[in-house]
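Participant: Here are the chains, one letter per residue:
Number of protein chains: 2
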Amino acid sequence: MSPSPQPSSPQPSSPQPSSPSTGPVRLGPEAYAALRPTARATIADGFWAERRRVNAEVSIAQGPARLAKAGNLANLRRAADGETGGYQGWAPFQDSDVHKWLEAAAWQLGDPATGREAAAELTDHITEITALLARAQQDSGYLNSYYQVAKPEVPHFSEPLWGHELYTAGHLIQAAVALRRTTGRSELLDTAVRFADHIADTFGPEGSGRPVDGVDGHPEVETALVELARETGVDRYTDLARYFVDRRGGALPATGGKGTDRPGYSQDHAALREATAVTGHAVRQLYLLAGAADIAAETGDEGLRTAVERLWAEMAARQTYLTGGVGAHHADEGFGQPYELPNDRSYCETCAAIASVHFSWRMALLTGEARYSDLVERTLYNGVLCGVSLSGDRYLYDNPLHVRDGHADQEGVTPRRVPWFDCACCPPNVMRMLASLPHYLAATTADGTELQVHQYASGTVAARLPGGGGEVALEVRTNYPWGDRVEFTVTGAGDGPWTLALRVPHWSEDGWSVWLPSRNAPYSYADGWLRLTRTWEVGEVVVLMLDMKPRLTLADPRVDAARGCVAIERGPLVHCVEGVDLPPLPDGAGLDDLVVDTRARPRDAERPDLLGGVTAVTATARVRPRPAADGAGGWWPYRPVTDGVPGPAGEPITVTAIPYYAWANREDGPMRVWLPVI
Amino acid sequence: MSPSPQPSSPQPSSPQPSSPSTGPVRLGPEAYAALRPTARATIADGFWAERRRVNAEVSIAQGPARLAKAGNLANLRRAADGETGGYQGWAPFQDSDVHKWLEAAAWQLGDPATGREAAAELTDHITEITALLARAQQDSGYLNSYYQVAKPEVPHFSEPLWGHELYTAGHLIQAAVALRRTTGRSELLDTAVRFADHIADTFGPEGSGRPVDGVDGHPEVETALVELARETGVDRYTDLARYFVDRRGGALPATGGKGTDRPGYSQDHAALREATAVTGHAVRQLYLLAGAADIAAETGDEGLRTAVERLWAEMAARQTYLTGGVGAHHADEGFGQPYELPNDRSYCETCAAIASVHFSWRMALLTGEARYSDLVERTLYNGVLCGVSLSGDRYLYDNPLHVRDGHADQEGVTPRRVPWFDCACCPPNVMRMLASLPHYLAATTADGTELQVHQYASGTVAARLPGGGGEVALEVRTNYPWGDRVEFTVTGAGDGPWTLALRVPHWSEDGWSVWLPSRNAPYSYADGWLRLTRTWEVGEVVVLMLDMKPRLTLADPRVDAARGCVAIERGPLVHCVEGVDLPPLPDGAGLDDLVVDTRARPRDAERPDLLGGVTAVTATARVRPRPAADGAGGWWPYRPVTDGVPGPAGEPITVTAIPYYAWANREDGPMRVWLPVI
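Chains as they are written, first to last, in our numbering: chain F, 1 to 678; chain A, 1 to 678.
So that you can see chain F by itself, here it is in the shape it has in the complex (with noise of 0.2 Å):
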């Protein structure tokens, strides 16, 4: 479909939006990048709305009393109160928890859709918060309540591989910026400073000295130092996270297994630099890379921003789940070989996700294209929001995207959501992703020229132009992604000519269409942007029309779990098929038996009843005779080619797929994302 010019209806104009301040990426005018993230965005109803909502209401508001229960403020109470022994959990990393929380409920105080009530809540607990980790950090600027508490005797950043103490520092750290940015407030920022400057003298290259040879083991430091830097304007600390960075491939001591090293593990087998594919454990892979992205951006380093290029386009192309999601290892938690994506095992650990978002809105801005915000979308509306229950209270760790007929008998296998987790990385990070989602939203390009819509929610969008138009806002109403359209209103027009940039979905690249604020409005689409220069008018409106028309998905080839198979998406949704949602089938066959029949086309189902209201897709199926297995007794499942493969027979069977954030919320059964077609 082309795109079809239409006339513009004009619309009453809207008030202009609060103005959150900068988000989790902050990049000066002189910054190395296409992009700028100025733009002012808010959600005011919809979709991520209410997901918003219970996560500020829920997930969010429980957080204290969850940390309280896991033992992770009492933890740092003795550590504030100079006592040992007692320490509570196993993880080293107990505080990250702590200050993930802060950073999330940082984001949601700047959220201007906070109730007063809520907000003063949450002030409370971070004041209370704040102060403790104050009191618990030691004269030196070290703050870490896993070596204060249960191992005074270790010298500090001694056990780099497993210790997390540059990790939990990089959480204090975000969490003390996002408190700065949305508050204003200092106290946070004071502490993270102290131990930054701890951490900057005792590595790097102006270090007084390096106690120990490695690195640590898990990378984040590297993107809070150089968001430090960013709030502070102290160079310093995106000097360190470079030499961080830089210092990687070879430092670490082998941590052996089974007569073999991983250094991959750690991502400290070859420099970033070199290194030709991502590998290892997901989390700290995705992370280190966000920070070389952030070191890019920030400094112009070419053989930087080749390598984070380069690690993009592999994870996206042959390491990546339809639904975002990557890790396709349970053991180390971590990526596989190329186009290894299981999906009954697939790992895709939330917090996986989350930092595939983190990697993929850095690489956005630093290069300007729309693919790095296409995966944004997806893995924001698949691969994160399945982390989390639609009631906010339960959480998934990881993900898989096939759970068996059978499944129950199996221990372990199929995650059920869960409150908290001992090892609870996942529940804050989801907290603290969904509370800053504002900012994935918008940006303008460096030029200021233009103000770009990379994600679609009903609010608002504002930005200063100062290469051309100077302040302008944008009213956004949509029910996206249910819905097919989204309209923009121009409630600030600025004072000059601009340009609108709106993101066409990959997957909606031939199947969208625009209505222009006037017949001979220009515009031009190219790779993946929709851009319409002109003078504003406040009430002029765009229209964007997307494909929500229900899709079947292959795989590339060389993706084996998925041969044969064909998914089911509708816009940026990726669907599935739950077992509960089964008409009775004939002879005892259960999910794993049906075959879709791809000529009958999928339907939108809107069902206002399921899910907390969900447009599902309906499929047609038939279900497989179970095939004679070989051998007397039928005993053996593999049998010769010659005897061929039964074909789906019966009647066809209507199939309901629900969205895949949604699984899970009801009983316990199978599920699959990929459905056979043979």
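You may find that some hints are simply not true.
[To be verified] Between beta-carbon pairs, the in silico distance windows are:
1. G588/A - P584/F: 46 to 54 Å
2. A605/F - S158/A: 53 to 61 Å
3. P419/A - D510/F: 50 to 58 Å
4. A649/F - G634/A: 49 to 57 Å
5. G634/A - T127/F: 49 to 57 Å
6. A68/A - P625/F: 56 to 64 Å
7. W90/F - V641/A: 19 to 27 Å
8. P640/A - A313/F: 19 to 27 Å
9. G85/A - T123/F: 53 to 61 Å
[What the hints assert, rightly or not] Covered stretches of chain A, as calculated for chain F (at least 3 residues, CB under 8 Å):
10. 314 to 321
11. 337 to 351
Don't read these hints as lab results, they were simulated from the structure. Glycine is no exception: its CB is placed at the ideal position from the N, C-alpha and C atoms.
Starting from the known structure of chain F, fit chain A onto it as the hints suggest.
Facilitator: Okay, now just chain A, sitting in the frame of chain F:
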């Protein structure tokens, strides 16, 4: 093909075989089992003779040096000297490597093919280590260098979940029984009995008290205790084994793990009598089932018999790879969901395949059904033998069925054969399996009327048939598994009619024939057993012809990992394609871009030059063009089904498939068992 009686061509008789002692499973005449393992087989030449020669001359011969280097013997010396601290290795079960090597050496000594010099050398090592173990044993009978040296402060048997104390004791007992059976030496048996008595006094129905509630996290002692009872005639050990089996199902404390308990890892989630599926750690599950089968055979326990039959069927039909390998998950080295058999990360631990052979052989003896020995054969030739290099000095721990193009960038995903492991359970397990192999070749029926040949190898088979025939003997000549002909010559005719039963492998069920000793000799065939009953004369010959045509094999469609694929098999051998055998392919295509043409018959390719001499199989394939990826710039590996799948194109290519057991003996590269047909 129907069986086709043929005239015999008498052969010269050969000398009576020597009489190896009863092997790893001894059943008395009163046992509740269909068969008795009393036949005596030798392997004189051919396939297994060569593998066993390498096992004896390289693997077993190198064992003492490996155990010395890895610190196992030093640990025992420290225990013997009463020293604490300085334990080498991390595994609490380091002693079991020593015990398993002793068991292997014992079986090897029982083999008449062991040369005098090698036997003397083995005997010296055995004498030395046996004395060391006796010295290390405490007055109580307890013997475990980990707890004696590394953890002297920990009460014995107080860490049941990970301590492996009973597991390690089990391997000591197995070694002692083997040594007694093949050499008559009882020093090690004395040590084992003292330890077993200590265990019986500590645990069990007649124990003086139970220091802990749990049972050992790793089964093994169960089958060892039954063997000890068989060797010593002391029923107490069998009672204790049954008690240990029946203790499972709630006795162990939960182990935790990301908020979920997982007692199933150690098969403590349900009483074995009630379990509906194999679950958890594969070796643990199968050693437990082997022990339960032993107990059922000794006691006639119908509940256990029903359970082991049910769980074997479940394992074979839904949890076993084509190679006989088991255990789909790297995490926990465990069973997966039903039909979850990923090829790229098939864990298929070498030890799990060996455990499967132990379990299946006991089931064969218990029931007399051919399918159990069908699985023994498949597992030995494929899932076990792949675990050791052709050179005998390098091992694989996990055995994937697929290594991908481009895997080289990924650390730790390509198993490479190594000389030894930090956790060295597999190497000595392979040694004892191959050393004891003759014991799995033949059996007699409980009524003493029938000599059964279960596995085919050139050599001799002899038995006493009290129900008919008395002392009878055969010579076996075959080039199996390369050749299709197995020739049996009667060398001991006995003194009355008896039955010769030959197993027809399930893959040859529709394509076998037999040459009978005379035109009118009666025979019957049912359920995998060809039976010839007659009054035999010395020199009479029976020739069994099996179907050695290469064949293409399909998996049950619920095995998602093999959808749209075929495997190549020939006789008992599963084949695979290794990258090193591919011709140059156009356009940078690799193994994962090939599509097999199933219309072209696979063909034998005798390759005396290859991998020590194999019959390879050639098949026809074409290169599948790589599809255009979706999205601007082609960054996304998924695309609309309406774009279709590109079919294979270009000239047909001949690919060579080698036997799977021989893979990874040349240069590193991709490998596939399941080959796409779409």
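Participant: Given the hint of 19 to 27 Å, check if P640/A and A313/F actually sit that far apart at their C-beta atoms.
Facilitator: holds, 21 Å
Participant: May I ask you to test the hint 19 to 27 Å on the CB atoms belonging to W90/F and V641/A?
Facilitator: violated, 46 Å
Participant: Count the residues of the region 337 to 351 of chain A whose Cβ falls closer than 8 Å to any Cβ of chain F, and tell me whether that reaches three.
Facilitator: holds (count 8)
Participant: Looking only at beta-carbon atoms, does the pair G634/A, T127/F fall within the given range of 49 to 57 Å?
Facilitator: holds, 51 Å
Participant: Okay, A68/A versus P625/F on CB: inside 56 to 64 Å?
Facilitator: holds, 59 Å
Participant: Quick check on a hinted range of 53 to 61 Å for G85/A and T123/F, using CB atoms only.
Facilitator: Holds, since G85/A and T123/F (Cβ atoms, about 55 Å apart) stay within the stated range.
Participant: Examine the region 314 to 321 of chain A for residues whose CB is less than 8 Å from any CB of chain F, and state whether their number is three or more.
Facilitator: holds (count 4)
Participant: Lying within 49 to 57 Å: is that true of the beta-carbon distance A649/F to G634/A?
Facilitator: violated, 39 Å
Participant: Taking 50 to 58 Å as the hint, is the beta-carbon distance of P419/A and D510/F inside that range?
Facilitator: Between P419/A and D510/F, where Cβ atoms are some 57 Å apart, the hint holds.
Participant: Within 46 to 54 Å or not, the Cβ separation of G588/A and P584/F?
Facilitator: holds, 50 Å
Participant: Please check whether A605/F and S158/A have a Cβ separation lying inside 53 to 61 Å.
Facilitator: holds, 58 Å
Comparing the model with each numbered hint stated earlier shows that hints 4, 7 do not hold.
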